[in-house]
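Sequences listed follow chains D and V, in order. Number 21 in this note's numbering belongs to position 21 of the first sequence; there are no gaps in the numbering. Start counting at 1 in the second sequence, then tack on 1000, and there's your number in this note's numbering.
Among the hints, a few may not be true.
For the chain V half of the interface with chain D, some residues (derived, Cβ under 10 Å), not all of them [unchecked claim]:
hint	residue
1	Ala1123
2	His1133
3	Val1135
4	Pro1145
FYI, nobody ran anything at the bench for these hints, they're computed from the structure. Glycine residues also receive a C-beta, built at the ideal position from the N, C-alpha and C atoms.
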Amino acid sequence: MPSERPAPSGNVMIDIQGVKKIYPSQAGDVVALDGIDLAIHKGDIYGIIGMSGAGKSTLIRCINRLDSPTEGRILIDGQNILTMGDKDLRRMRRTVAMIFQQFNLLMQRTVLRNVCFPMEIAGVSKAQAHKRAKELLEIVGLAEKADAYPAQLSGGQRQRVAIARALATDPKVLLCDEATSALDPMTTQAILSLLQDINKRLGITIVIITHEMAVIRQICTRVAIIDGGRIAEKGNVREVFANPRTTAAKRLFRTTAEEELPPGKRCLRLIFDDNRTYEPVVAGMILASGVPVNILSANIQTVAGQQRGQMLVELPDDPEGAERALSYLKGKQISIEEVNADELAGTIVHDR
Amino acid sequence: MSWQELLSMIGNGLWETCYMVLFSTLFSYAIGLPLGVLLVITERGHILPNAPVNSVLGTLINVLRSVPFLILMIAVIPFTRLVMGTAIGSKATIMPLTIAAFPYVARTVETSLKEVDRGVIEAAQSMGASRMHIVLKVMIPESMPSLVSGAAIATTNILGYSAMAGAIGGGGLGALAINYGYYRYRTDILLVVVVVLVLLVQVIQLIGTRSSRLVDHRLK
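Okay, chain V solo, but in the shape it has when bound (with noise of 0.2 Å):
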């Protein structure tokens, strides 16, 4: 195998890598922010409290965290196929990598949310603040720096689990490394693919932290 054709088969994992771990991340934030701003509110003493809602979700969450990725990508296999039409290739790995991670992102929600002081929500109450201006105007803005941090490690997360879907025919560097490095024993592409990996990791922890730090304005 050519030097060429190396760069480009690594250049064709990277930019699988990369729309499976963005569409992912953007699915479990449209699903996990929501459930997130959930749990928080309907805690006992705030804005919409509702215990039955409240546990429920919250043992939901814990038991798909719960499941190891690689049982719960078999497992949802069928649904995969049943919605993405096929259960192998980078495109169909959306599907487990958004299943699995967007228990992660409510609870990643949640912490952030959680952080905005109780006085302030009760002072936009007092202005007579709708439950919908709480949460978009005051809960969320409040706790952008957290939220942004809480993104990227959700980010950083999702991208180790594709690697782990290149073993049972998911697309991407994580493929590359196992069906190349381990399986035809080349050393020199698993390095490779490893070093990718972790540059990648670099650069979204280095947006995650600048970004937070350019939102939060209770620093200056």
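Just chain D, with the same shape it has in the complex (with noise of 0.2 Å):
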């Protein structure tokens, strides 16, 4: 049932309350969105992760009502997008663009048509379109392309067209459904920058669906991640990706390595921030336990303007020398994990 809550406060932008999206089918009904409360602030951009199938992309779907939820209600920008009728439903749609994977651009328009055919459908004069379009195209670095159709361009570029195209109508939000995931990884860093200069630049309130953790790192304030149509975990990008709780975001960010742990063995995450990075902690703990302890993996990423390390050793197996190399990791300012090849969770057994 639709939650009665008071009304969001002022600088909510999306709110979405307890949102479900059941389809139904001849072998039972599929459970794609299963109680979604999410609120998004203006001026965010929004990351929601998760594994393919768990249901990111119908939720971003029905924020633009492309697909409608079961039950539930949806609020943008203080208004309920679920109870409108068609005509103001259309009007909603050009204050919320979208991008996609695969761009969907009119391939038998130019690339200055293209810009112009939301504003031509919202009825604005050929002339102030093409003016528009002009700017627009200038801030996506594609002046020069006007007249070329998309036929003619990378894929990089299309996406730039489907950007600009998007910001036609002045949109308040834009809504990206896995719109780097067709994209090398210069492209998308390149289209990720573009991103985050828009939002910085026009105040737009950017959501972004996507499986690749990088994108989430590089450019999200915040981030939901999603699970069988649940949201798992959510909160600031920083704090998740330091502290993840739950199974569902440990799952995303472990590495390879990690699913392929030695069986029957006691293995360790080690989860360095900041400057202990570049402490020789695993020199000093082989040295304190007097036994050779074997790196199954490490690796430093940037997460949100801060470094973070995670190394992960397998402990050996004598066990006096195993304790000791745990008691001196206990005493550093790291926080370790008992992992092993069958429980992905892990027991925190030491919290820094």
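Make the complex out of the two chains shown on their own, each in a separate frame, by following the hints.
What follows is the structure, given as structure tokens:
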């Protein structure tokens, strides 16, 4: 049942309340979204991450009602979009623009006329639309391609056109449905910087759906992890990355090495923050315990401007040596988790 | 019969055939194009899903398409007489030709429109496009190359039917071929008519292929 809550405070742009989406099928109902509550604030770059099939695409499509939720309420800037009639819905959609994984440009129109399209259907005069389209192409850095056709552009350029087109009706919200998933890493970086720039310059709230951690890490301010149609975890990007609490979060963050942990061995995941990254903890541990320790994997990531290191080590079979290594580590400013091949979640044995 | 007489006869037949085919094609598109659009958009999950309309329309088109043209032409004679005032001659033949061709046109249009990527339609919806916008500004322009080549095939088909119409009182080259070439054993006239028809088909197909390529911006 839609929860009757007090009206959201003034700075909430998208308010999702108890949203459920059920697809009826002959083999039984498929629950794509199972009670989603999410408040996205004005000016946020909000990342929604999850594995394929987690429901993230259904969720973003509900935000502009390309899909209609079975239950719940969605308010955009205070207006309930689920009760809107056809005409209001179309007007609302002009304020909630969307870009797609496959760009979805009109292949028989030039770049300029693609950008003009949303203005054309909104009834903006041709001259005015052309002028605005040229400004927008300037913003996305494609002014010289105005008369080209999409077929002549690269993937990154096509997505830039799509972004210019999305901005044509001065939207309040920009929805990005796996917008960089079809692009190479370099192009992805460039598109993400452009989105960040648009967020800063125009103050547009951005919602990003992705299965790529790197995307969230690079530009999102807040993140929600979606798993099995529910929000498993949400919050500030830095906090969620530093301290994933749920299995769903850990599954997303784990490295490939972790999927192949040696069975029957005691393994530890060491998590380093900030300045700890460079301290020779492992060397110290080996000296202190007097036994060799096998390093399974290690990596350092920059999350929201902070360095965060992760290391997987296998403890020696000798129980005394293992104990000495563990007690040395507990004395350090790092988080330690015991992990094994069967259990993804791990047990926290020492929290910094 | 002198060569001059023969030439003027063929010229006359060619003219009749051309305008018969031209108007029949225009009229069958006037009916078939909207029906083709309706066939696509009333499908499940499209922009105007309506299962009853879709299946009734589909069945109706299938029934019309399975009636042999010669039978159809005779069957609609009373209707043709009612509308055109006569059932004989090239002008009157436009009626049965249109009735025979529009179901075919509807299917051709349907096939072309289905080529338009669903993602593109969805993008238009996400920008606040109405159904009318989607049909007129997205579906039809995006499938234009395919619609144009479809039109060339439809026109060729109608040309074939128009020759058949000559057998039962229609005008044009078909009537010439049957009345002189077949009934009066003038194989030479028959041959000339066939050659002219072959050339006509070539010209239609050439125009179709060229213009289809001309309007397609996915290739350049």
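Tested hints:
1. Ala1123: It holds, given that the least Cβ distance between Ala1123/V and chain D is near 4 Å, below 10 Å.
2. His1133: Where the cut-off is 10 Å and the nearest Cβ of chain D is about 5 Å from His1133/V, the hint holds.
3. Val1135: Check failed: Cβ of Val1135/V comes no nearer than 12 Å to chain D, outside 10 Å.
4. Pro1145: Where the cut-off is 10 Å and the nearest Cβ of chain D is about 8 Å from Pro1145/V, the hint holds.
Checked against the numbered hints above, the structure violates only hint 3.
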